[in-house]
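A.B. asks: Listed here are the chains, written in short residue letters.
Protein chains: 2
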Amino acid sequence: MSAQLIKPATITGFPEYLPEERILEQQMLDKIRAVFESHGFCSIETPVVEKLEVLLSKSADTNKEMYVLGRLQAEEKEEAKMGLRYDLTVPFARYVAQHENDLVFPFKRYQMQPCWRGERPKLGRYRQFTQCDVDIVAREKLALEYDALIPAVVCEAWQKIGFENIVLQISNRKILAGFAEGLGIEKVGDTLRILDKLKKIGSDGVREMLTELNLSTKQIDACLKIAEINTTDLSFADKVHALGVQNETLELGLNELTECVKLYASLCKVPYCVDMSLVRGFDYYTGTTYEVQLVGTDFADSIGGGGRYDNLASTMTKSKLPGVGMSMGISRALGVALKLGLMTTGAKSPTEVLVVNVEGADKTKMLDVAEKLRMRGIKTEVYLEGGKLAKQLKYANDKKIPYVWFDIDNMVKNMETGDQQVADPNSWLPQK
Amino acid sequence: MSAQLIKPATITGFPEYLPEERILEQQMLDKIRAVFESHGFCSIETPVVEKLEVLLSKSADTNKEMYVLGRLQAEEKEEAKMGLRYDLTVPFARYVAQHENDLVFPFKRYQMQPCWRGERPKLGRYRQFTQCDVDIVAREKLALEYDALIPAVVCEAWQKIGFENIVLQISNRKILAGFAEGLGIEKVGDTLRILDKLKKIGSDGVREMLTELNLSTKQIDACLKIAEINTTDLSFADKVHALGVQNETLELGLNELTECVKLYASLCKVPYCVDMSLVRGFDYYTGTTYEVQLVGTDFADSIGGGGRYDNLASTMTKSKLPGVGMSMGISRALGVALKLGLMTTGAKSPTEVLVVNVEGADKTKMLDVAEKLRMRGIKTEVYLEGGKLAKQLKYANDKKIPYVWFDIDNMVKNMETGDQQVADPNSWLPQK
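First to last, the protein sequences are chains A and B.
Residues 407 to 838 in the working numbering are what the first sequence lists, from first letter to last.
Residues 407 to 838 in the working numbering are what the second sequence lists, from first letter to last.
Check each hint, because a few of them may be wrong.
Copies of the same chain are indistinguishable here, so a pair counts whether it falls within one copy or spans any two.
[As the list claims (entries may be wrong)] Cut-off 20 Å, straight-line C-alpha distance, at most; resulting in silico cross-link-like pairs (EDC-like, lysine to aspartate or glutamate):
| no. | residue 1 | residue 2 |
| --- | --- | --- |
| 1 | 413 | 471 |
| 2 | 668 | 791 |
| 3 | 794 | 459 |
| 4 | 487 | 639 |
| 5 | 778 | 592 |
| 6 | 726 | 791 |
Calculated from the structure, these hints are not laboratory results.
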């Protein structure tokens with residue numbers, strides 16, 4: 407008599423990879439890390455769990471998607487007041503505020519960790535998703551040059567992991583905000599949030615929402631005109647000026663964006679597109695804003711974004727901490743790449759050589775061969791339990807292990823070509 | 407008027423590292439990964455969140471420490487039935503049962519991820535802790551050789567990350583179980599659990615508990631004698647035989663342990679100690695058991711352990727999946743190493759060269775120098791915003807960046823020795 411079996415299943419929206427998919431993810435994470443560290447960004451990680459008051463310190467939009475924690479048999483009330491992070495920005499703000507005296511500024515960090523949101527899953531959207539956030543934060547003042555460095559490094563990382571066809575969408579909030587001010591609009595924040603939806607709901611939808619906000623037809627027409635400006639060079643400034651609105655913040659934004667785009671183009675070959683409708687949902691962005699889009703696929707959402715903020719942690723410290731940062735949607739990009747066939751899986755194991763155990767082989771010698779290969783960096787396993795050769799070769803085939811070593815006659819077989827050759831474990835090298 | 411500041415703080419028991427500590431952790435994780443992959447173990451990761459029925463499928467001991475999840479504004483009842491994993495064994499069992507048809511057996515995997523338990527924190531014990539589990543799982547039958555391979559690879563990993571002074575404690579449950587059977591003891595499982603406490607509560611404590619279990623004085627004396635057997639060679643079998651108990655399971659256990667220890671000693675130079683009292687708390691171990699101890703420190707708890715099990719996922723699949731595995735307590739080891747001074751922190755950044763921005767420098771040329779250095783694998787950042795040289799040198803000093811590059815005259819300065827030399831960014835190399 408046996409108890410009923412529990413169904414072995416993950417929860418919907420919590421992705422899990424098979425070994426061959428995980429190898430692709432590892433390669434992505436390794437390459438991203440290498441790019442950021444080559445530019446001097448250090449890694450940090452924060453605990454998965456944060457105090458609720460910290461998580462709720464930024465924005466109320468995500469509240470209903472937030473996961474909170476309790477104990478199965480709770481004894482302490484205190485523990486009910488914590489939750490899983492829904493982004494990496496809030497924990498980073500808390501980290502900098504908490505460790506401010508131990509950090510050296512400008513502080514350059516990247517952080518590759520999962521986040522959680524109780525959303526409805528779809529392609530590229532999960533309840534657990536890994537992001538890589540990269541930020542530079544200073545005390546009091548951060549030079550504009552970093553607004554160009556951040557997207558240059560992030561686009562380099564996207565390219566290194568195989569996303570060659572991307573474009574950087576870039577704008578500066580001061581432009582739209584100053585423009586709206588110059589038009590005499592009072593509800594500037596609301597206006598910007600509506601203009602940000604231009605691509606999703608179209609100009610008719612935006613017009614309707616701006617009318618509800620009590621903007622005049624003249625104001626709405628002007629807003630739509632600026633939001634539709636879209637250039638792949640520096641001509642955006644002239645196009646904005648042609649609309650005839652005068653405002654100091656607007657001029658500041660145009661100058662910042664021009665400088666930033668110039669330096670970016672000298673740092674990075676990934677094409678940019680200045681898109682005036684790009685505002686980004688979060689209120690804390692105060693200058694440059696970015697999004698990264700895939701080009702030539704059906705996937706319309708961005709694979710990352712970010713921007714400049716005046717003050718990282720105003721709810722947690724009196725220190726003024728301006729910064730600029732971007733986020734890479736790693737789970738989203740990997741999910742989309744696998745789905746659209748931009749990436750394909752290969753080996754199911756890191757092993758390069760399988761030492762087979764044929765009858766009469768000397769186990770000590772087999773282990774010695776494997777050790778010699780490993781000493782020279784060749785990933786090697788031994789089929790310790792022996793048994794039929796056919797079974798051992800099937801194992802190598804199923805895992806797509808490229809080479810099999812017959813210790814008994816020092817033969818190595820290339821499993822793809824079928825070639826065999828006598829080889830010395832002290833000098834043989836796999837073909838890459 | 408400003409709102410009251412929220413205190414930026416992590417939750418007790420959830421460790422967080424400063425950049426210089428995180429660099430040490432990264433080095434540990436990289437080296438562990440390199441060792442496991444060199445032996446052909448693939449990486450897997452499982453979602454942080456599992457269904458409660460899966461988490462509760464193994465053991466009830468940890469229930470009260472388990473963290474469960476809900477949504478801040480719950481709409482779906484289903485979601486209340488999930489929790490954070492408290493170890494990596496249960497998610498691994500679920501993974502193998504769920505993906506059985508997509509995996510190639512023997513399946514060799516390592517998994518480095520955090521787990522959560524709502525315990526009281528102390529040195530080496532946290533509420534969030536990273537472990538590395540390594541297991542080999544087969545279908546139906548797994549060769550005994552793997553019982554020797556697993557501790558050999560794990561001890562190699564411990565040594566590679568700087569834990570040179572360790573000893574492998576090893577035993578086999580069949581020996582104690584068969585011995586107890588041979589003595590006519592009925593409550594074998596309970597007897598083993600009590601004997602496992604020998605080191606913690608001493609022989610008087612064990613005697614008292616076994617008396618409560620209604621064992622006879624003769625049985626208790628014999629049990630204490632075998633549990634106190636402790637050898638650093640193969641003499642344990644003779645010592646057990648000298649106690650005069652005859653039992654088939656006992657003989658099987660002695661043979662398995664002898665074979666396993668012999669092969670282990672040929673694979674690995676880390677000393678072993680056969681300790682008959684080593685049973686391990688979990689009921690699912692059925693043969694070989696291990697623990698790894700630090701030698702020459704005050705820290706008495708183990709830094710890892712594991713064993714052989716007959717059936718990984720019996721609650722979730724009808725397939726018989728025998729395996730053997732060990733766990734490395736990474737957070738525990740790092741915490742102890744930092745506390746006891748076995749490891750010390752160094753640089754606060756991965757940067758090897760800081761290109762300083764002195765007045766009159768050409769920004770394009772500075773960026774070009776940095777790019778040339780990075781192309782050759784040298785991690786380089788540019789002090790983009792410029793300003794006083796003293797401030798830039800202080801930044802390099804504070805982050806312990808080893809070299810500073812003066813682009814204006816192509817001079818590179820070693821920040822430790824103070825030496826300066828003219829250098830070419832196409833050929834210069836840092837001293838390692």
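A.B. asks: Output the numbers, in ascending order, of every earlier hint that fails for this structure.
C.D. replies: 1, 3, 4 and 5
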